[in-house]
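Residue numbers (my numbering), protein chains in the order written: chain A, 1 to 238; chain B, 1001 to 1211.
A couple of the hints might just be wrong.
Stated by the list, open to error - Computed beta-carbon distance windows for the label pairs:
#1 A:A131 - B:I1053: 42 to 50 Å
#2 B:L1194 - A:H129: 57 to 65 Å
#3 B:R1156 - A:R135: 38 to 46 Å
#4 B:W1100 - A:T28: 30 to 38 Å
#5 B:L1021 - A:A51: 47 to 55 Å
#6 A:A22 - B:S1125: 25 to 33 Å
Just so you know, the hints here were simulated from the structure itself, not pulled from any lab data.
Remember, it's a predicted structure, so these values are computed and weren't measured experimentally.
Just so it is clear, CB atoms sit at the ideal spot from N, CA and C, and this is done for glycine as well.
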Amino acid sequence: MKDAWLGLRAILIKDIVVELRAKQVLPTMVILGMLIVFILRMASESASAGAGAPVMGAAALWIAFLFSGLLAQERSFASEQQNGCMDGLLLAPLDPGTIYLAKLVANVILLMIFEAVVVPLVLMAFHLHVAGWGRLVTVLLLGNLGISSVGTLFSAAVQLTRTRGALLSIVVLVLLMPMMIPASFALLVLFGALPEDVIGSGSFAFVGSFQAAVAYMLAFDAIFCVASWLLFGVVVEE
Amino acid sequence: MRRLLFALAFLLLIVSTWIGLTQGQIDPLQRNILYVHVPNSVCALLCFVVVLIASIGYLVTAGQTWDQVATAAAEAGFVFATILNATGMIFSRAEWNVWWTPSPRLVTSAILWFLYAVYLILRLSLPGGRRRPARICAVFGIVAFLDVPLVYISARFIPDIHRPNFSLDSAWQTAALMLGMAGTALLATSLIWLRANLLRDSLRLEQEFLH
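Next comes chain A alone, as it looks inside the complex (with noise of 0.2 Å):
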């Protein structure tokens, strides 16, 4: 257990000192964030003005998260190409599972930079009040958590193919789509697009809520980090 907690921090430590020494990732992933979110402010400039601007503002929210957390998964696998590194890492005397921990903390923690860059960004672009700092953090910290998990785990897999970021936007982005549809609902309870409790008549009876939408999302970060955790020892086997 010590051991493995050792581990850990000697990958994470080294992840994050490359990164910012090298800043190899992350410039690239807050201008493409800005961009993201410049981009989608100018292109609906006609609906951002009065009752659309939630509903655009987590859209953007999400794309820029998606697209820049996939820049910092590919890079998480693909600086260890170079000298033979993933060999010595799958040398060291650690389960890997701890390798997959440590990579996933340092995506996270990259990710987390990220947001407090463009969140505010967002906020201020498309004129947003937020109801409740607190439940936003948590909204995106457990954003981050699933998307991070899902990339750290395929990123490892698709190192060596030729077309390895194409192939790791599909398999991400597809894995991840269910837990869009509660993300989007939280952002837009918090940005006040919806009331806290939607319940919905007659056909349209559907059940939604906040405190739903947050459960759906811890429950979606903790299945997939277990199953990757379980599951990475056998991707990145040779």
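Fit chain B to the known structure of chain A by using the hints.
Quick look at chain B alone, frame taken from chain A:
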């Protein structure tokens, strides 16, 4: 044996269609598409279960047959999911006047199709021998199966327009649907069998050619 299965499948499908069009017509006309739509939806899901079982089998035993069955089931499942969504869209247009709209079952069927498509692309693009791609596809097969119930639950956040179930009025209608189910299931079995055998033979040819 396989030819017999194919023949039987087509016979059942023809009989089902004939009963559906004569004795078992449903009113209004567009609802008759359920004789194709429902069996295909069941088979698309069943193929996914086969992919899951074969993927777990491959990870446990590393036997090539499991991998071939998983690929074959994904290919067959892709065809059924395509027919499922196509017939669904035709029905949706006739019944609700929209080609597609987000609603729990429609979202689930669409994502099912996307998952199959990504599985097949992943299968085509992974290099590095035979064992690593097979393992990665097996991992995707398992994770994708976890995704399907999650999709269905998450779609509860969207209003539903899909009618829960059709009530079948006469024994003829039930018979047509059941024959259609049996025919499509047999077709799925024979397609998976055929494709798995083809993959096995191509692997064997490749190995003989190399040595």
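Hints versus structure:
1. In this structure the hint that A131 of chain A and I1053 of chain B lie 42 to 50 Å apart at CB holds, the actual value being about 46 Å.
2. Distance hint check for L1194 of chain B and H129 of chain A: the Cβ-Cβ separation is about 60 Å, which falls inside the suggested range of 57 to 65 Å.
3. Here the CB-CB span from R1156 of chain B to R135 of chain A is close to 21 Å, at odds with the stated 38 to 46 Å.
4. With their beta carbons about 35 Å apart, W1100 of chain B and T28 of chain A fall inside the hinted range of 30 to 38 Å.
5. Look at L1021 of chain B against A51 of chain A: about 49 Å separates their beta carbons, and that is inside 47 to 55 Å.
6. Between A22 of chain A and S1125 of chain B the beta carbons are some 28 Å apart, a value that agrees with the proposed interval 25 to 33 Å.
Comparing the model with each numbered hint stated earlier shows that hint 3 is the single one that does not hold.
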